Amino acid sequence: MQPFTSLTATAVPLRAENVDTDQIIPARYLTAVTRAGMGDGLFAAWRYASDGAPDPEFVLNQAQHAGAEILVAGRNFGSGSSREHAVWALTEYGFRAVIAPAFADIFYNNSLKNGLLPVALPEEQVAMLWDLVDEQPDTVIVIDLAAQTVTLPDGQQVGFAIDPYRKTCLLDGLDDLGYLLSKGPQIAAYEQQAG
Amino acid sequence: MKPQTLFEKVWNAHVVAQDEGAPAVLYIDAHLVHEVTSPQAFAMLRERGLPVRRPDRTFATMDHAIPTRDVDITLWPSDAATQVRTLRENCQDFGVTLFDIDGPVQGIVHVVGPEMGITQPGMTIVCGDSHTSTHGAFGALAFGIGTSEVGHVLATQCLLQSKPKTFAINVEGELGPGVTAKDIILAVIAKNGAAGGAGHVFEYRGSAIRSLSMANRMTICNMSIEGGARAGMIAPDETTFAYLKGRPHAPQGADWERALARWRSLASDEGATFDRQLTLNADQLQPMVTYGTNPGQGVPVTGRIPSVDELEDPAERRSLLSALDYMGLRQGQAVAGQPVDIVFIGSCTNSRIEDLRAAAAIVQGRRVAGEVWALVVPGSKAVKAQAEREGLDRIFREAGFEWRGAGCSMCLAMNDDKAGAGKYVASTSNRNFQGRQGPGARSLLMSPIMAAAAAVHGRVVDVREML
Ligand code: SF4
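Chain order of the listed sequences is A and B. The letter at position 106 of the first sequence is residue 645 when you use the numbering used here, and the numbering goes up by one with no holes. The letter at position 383 of the second sequence is residue 385 when you use the numbering used here, and the numbering goes up by one with no holes.
The hints are simulated quantities; they were obtained by calculation from the structure and are not laboratory data. Predicted model only: the values in this text are computed from it and were never measured. Glycine included, C-beta positions come from ideal geometry on N, C-alpha and C. You may find that some hints are simply not true.
As the list claims (entries may be wrong) - In silico lysine-lysine, DSS-like type, Cα no more than 25 Å apart, as pairs:
| id | chain 1 | residue 1 | chain 2 | residue 2 |
| --- | --- | --- | --- | --- |
| 1 | B | 167 | B | 11 |
| 2 | B | 165 | A | 706 |
| 3 | A | 722 | A | 706 |
| 4 | B | 167 | A | 706 |
| 5 | A | 722 | B | 383 |
| 6 | B | 167 | B | 193 |
| 7 | B | 165 | A | 722 |
| 8 | B | 247 | B | 11 |
| 9 | B | 247 | B | 4 |
| 10 | B | 167 | B | 4 |
| 11 | B | 247 | B | 425 |
| 12 | B | 11 | B | 193 |
What the hints assert, rightly or not - Footprint (simulated), chain A over chain B, 3 or more residues, beta carbon under 8 Å:
| id | segment |
| --- | --- |
| 13 | 29-42 |
| 14 | 79-87 |
| 15 | 147-158 |
| 16 | 194-202 |
| 17 | 432-442 |
Input sequences plus hints: build the corresponding full structure.
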């Protein structure tokens, strides 16, 4: 897994609540047997007009937000299907962090397993970020995982919570599998006793 | 000992290791796999040269991408065929049992697991699919996982999990005629919100829950995820045991007796406490219909779509406006009378034999209205065969429904069963997300009998007027 230590990047405001994983990547893009190529399907229904050309109305297609690596969205982001493809689509497109007031559980877990940092900030902070980034799309935001802070250019700083174990895994780029495999003897003992 | 909840009993019995400051290593009793979310996990095993630790505890189905018309696989779109071929190869190479499309047992993963008796009380069950919560109807702790976690379970039969909190959903009383399990869960989600269960496991309790059949309990647990919870559970009882007895994977003989004794001890203890509670009176429930683009946006069929003035929260207002804009519906509009173009009876929420019987009883001797495209997609081959033995297929066909093979179909529109842009779908499935049933399609979620009534009238009607 790609480690996540800190990120200095611009952000794109997605003013919507309950953005579900069918929105992040529609089912018709899930037909691959590899992880690659999911970026094309990201927000497909919003991103492309009916003729397949980019829809200029959609915020991701607007030139002033090109290259943004932080997505700022409304509450209950990533609800619905367990498809990890949603996270792969976001990372392949170039996002490294998502800021929202709250995330759906499975999406949150899937993000952590792919080095995509989900940052839960209070509703007012998210609304403030939306306005700020709308007015000044080149606003550079710094997310420091070790310090668990989000810092704005004027020095304003907000903290965020993250499970300490997950934090260590992200900082060091470790996935769960190595840890689980190291528990082999305990797993075998459990299996023996449980029959 | 401190009184424990059903969830705590199952959780505690599966903790293999718990290091200070780390999530628990949780043992998984049964792992269900399907063609869409598993290929990358098997690929990871191959890359790292790892075997499947417990192929005997791993079961694969094909359901999401497959066509439900009787067509030769060589005529399928190539990507769906590739997923099917890939799953076949993976199951063969890793020694995993596969319920293949051309075999006798096939269907939606959450219909087939219980049907085969794989799903049992007290188990931990996972699948790369959020509606794994369905299996909680048996008193199992069952939840959806991502593809990375599918790989972890394949390799180690374990997952690293933080312990969720508990949330009791008490439903007391008796459902009125025409009010179903689907209406209970849609009412719970409407009341508690689509994210209201985040971080929690629901336990559905109370007299209304205890009186439900296993099919109906599965309908409720299925949509726990729509209420934001990872899992939903119901304590096993005589209804559960009667359902399981004699199923192919259920314990037999002396093992059955031992299992029964264990299963009987699973219910939440008297005095066990939950982190949160919600109580609903079954007598007051009505058939529900969703009008929006998240499953919490539902009202009784006699009700009206809210208007923004009734909502305080700016986020809720924004949500309502964007949902109505997508749905082409108006604030304050009555949901009854809304025309529908398509009726879909199917999905892991409502495609079991009981669902089809109930819908057929409404359809019998009636016709699908004018231009409505109506289809019934049974949850499994076994459900389909049973329905055909009972003559339900004839009732549906004579009324003008299409009668399909088993699969997910228009629940997620990965195959060619897609609703067109702008079309209204009266659907028995679980998600009304934008584009879920086809790009631009507009879903109205409801019970099987409400969907059957909508098919007959070509619009949303109160099914109680037809009983
Ligand atoms: S029927 Fe729908 S919800 Fe159920 S497993 Fe299939 S796609 Fe998922």
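Structure-based check of all given hints:
Taken as a hint, the residue 167 of chain B and residue 11 of chain B pair is honoured in the structure, with Cα atoms around 13 Å apart against an allowance of 25 Å. As the CA atoms of residue 165 of chain B and residue 706 of chain A are separated by approximately 17 Å, the hinted pair is consistent with the 25 Å bound. For the suggested pair residue 722 of chain A and residue 706 of chain A, the alpha carbons sit about 20 Å apart, so the restraint of at most 25 Å is met. A threshold of 25 Å between alpha carbons decides the hint, and for residue 167 of chain B with residue 706 of chain A the separation of about 21 Å falls inside it, so the pair holds.
Taking the CA atoms of residue 722 of chain A and residue 383 of chain B, the gap is near 40 Å; set against the 25 Å cutoff, the hint is violated. For the suggested pair residue 167 of chain B and residue 193 of chain B, the alpha carbons sit about 19 Å apart, so the restraint of at most 25 Å is met. Simply put, residue 165 of chain B and residue 722 of chain A have alpha-carbon atoms about 19 Å apart, close enough for the 25 Å limit, and the pair holds. Taken as a hint, the residue 247 of chain B and residue 11 of chain B pair is honoured in the structure, with Cα atoms around 23 Å apart against an allowance of 25 Å.
Annotation: proposed proximity of residue 247 of chain B to residue 4 of chain B is violated, straight-line Cα distance about 32 Å (limit 25 Å). Distance hint between residue 167 of chain B and residue 4 of chain B is fulfilled; the C-alpha atoms sit about 16 Å from each other, no more than 25 Å. Proximity of residue 247 of chain B to residue 425 of chain B is assessed by CA-CA distance (about 43 Å); at most 25 Å being required, the pair is judged violated. Distance check on the hinted pair: residue 11 of chain B and residue 193 of chain B sit about 28 Å apart at the alpha-carbon level, beyond 25 Å; violated.
Note: the segment 29-42 of chain B has 5 residues with beta-carbon separation from chain A under 8 Å; the three-residue rule is met and the coverage holds. Check on the segment 79-87 of chain B: 5 of its residues sit with their Cβ under 8 Å from a Cβ of chain A, so the three-residue criterion for coverage holds. With a threshold of 8 Å between beta carbons, the proposed coverage of the segment 147-158 of chain B by chain A holds, since 9 of its residues qualify and at least three are required. Counting residues of the segment 194-202 of chain B whose CB falls under 8 Å from any CB of chain A gives 4; the rule of at least 3 is met.
With 7 residues having a Cβ less than 8 Å from any Cβ of chain A, the segment 432-442 of chain B passes the three-residue criterion, so the hint holds.
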